[in-house]
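Start from the sequences, fold in the hints, and give me the full structure.
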Amino acid sequence: MALVLNDKDSGSNVIVPNNPTAKLMYYLNCMCKVLNLYQTEYDITRLTDFRRYVCISDEDLASMIILCSYLDPGTLTDVCIFQDEVACGNKVNKFCDVNTLPKNMATAKSVTVGNVKVKVLKIMFYKMAFIETYYVEPLAYFIALYDTPSSRRQQPQQTFHQTDNVQKPQSPCKTVRMTNNSKNNDNRSCCCIL
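First residue of the sequence shown? That's 1 in the UniProt record's numbering, and the numbers climb one at a time after it.
These aren't lab readings, by the way, just hints derived from the structure by calculation.
Keep in mind that this is a model prediction, so the values were computed, not measured.
Cβ coordinates follow ideal geometry from the N, Cα and C atoms, glycine included.
Hints may contain errors.
To be verified - Taking lysine-lysine and the DSSO-like style, the derived pairs with C-alpha atoms no more than 30 Å apart in a straight line are: (1) K119 with K109; (2) K91 with K103; (3) K117 with K103.
Stated by the list, open to error - Ranges between beta-carbon positions, derived for each pair: (4) R46 with I15: 13 to 23 Å; (5) P102 with D147: 36 to 46 Å; (6) N13 with L101: 19 to 29 Å; (7) T100 with D49: 23 to 33 Å.
Set out below in structure tokens:
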């Protein structure tokens with residue numbers, strides 16, 4: 001079914017750096033446009049500034065990955081985001097105000113993220129390429145990174161600053177590293193948000 005939308009769509013063209021961290025931050029940024037995530041008790045703006053991805057701390061990176069896992073497109077599709085190649089036109093995603101939708105299209109007024117209920121502000125149409133590029137591939141990268149014992153966050157800045165085998169300049173941002181204070185030499189870390 002092709003949708004007829006008003007020309008009052010919202011959004012702009014952006015350039016996302018070719019980096020798994022930046023791409024996942026962009027996905028989260030998009031979900032923050034769809035959902036009222038900025039109006040929660042947590043300040044997540046530092047997790048969505050994909051242009052400054054080199055400044056994200058290890059702790060914030062872990063929080064962003066967990067938050068993105070809560071915002072799984074499989075759960076949000078047909079609730080507040082919709083796969084529709086035609087509605088996107090020549091873009092991989094497109095935002096629309098909820099009040100510009102046809103009357104026969106139902107969307108949720110709110111969704112639960114973790115244990116927080118948030119309001120749906122906009123809806124997003126996407127092409128599958130959007131989900132692959134900005135969600136599936138970056139998460140697969142981080143899963144592989146954390147799943148390999150020898151590469152568990154030992155040199156995080158070198159790993160995240162390389163794009164197409166070109167070394168990025170060191171970031172002027174302060175970096176916070178997670179440390180393991182346990183008596184054994186196990187470098188694995190675990191976090192849980194309830």
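Taking the hints in turn, this is what the structure says about them:
With a C-alpha separation of about 6 Å, the suggested pair K119 and K109 falls inside the 30 Å cut-off, and the hint holds. Distance hint between K91 and K103 is fulfilled; the C-alpha atoms sit about 24 Å from each other, no more than 30 Å. Restraint check: the Cα-Cα separation between K117 and K103 comes to about 24 Å, which is no more than 30 Å; the hinted pair holds. The hint said 13 to 23 Å for the Cβ distance between R46 and I15, and at roughly 20 Å that hint holds.
For the pair P102 and D147, the supplied restraint of 36 to 46 Å holds, since their beta-carbon distance comes to about 44 Å. For N13 and L101, the Cβ-Cβ distance of about 23 Å falls inside the hinted range of 19 to 29 Å, so the restraint holds. A hinted range of 23 to 33 Å for the beta carbons of T100 and D49 is consistent with their spacing of about 28 Å.
Violated hints are absent here; each numbered hint is respected by the structure.
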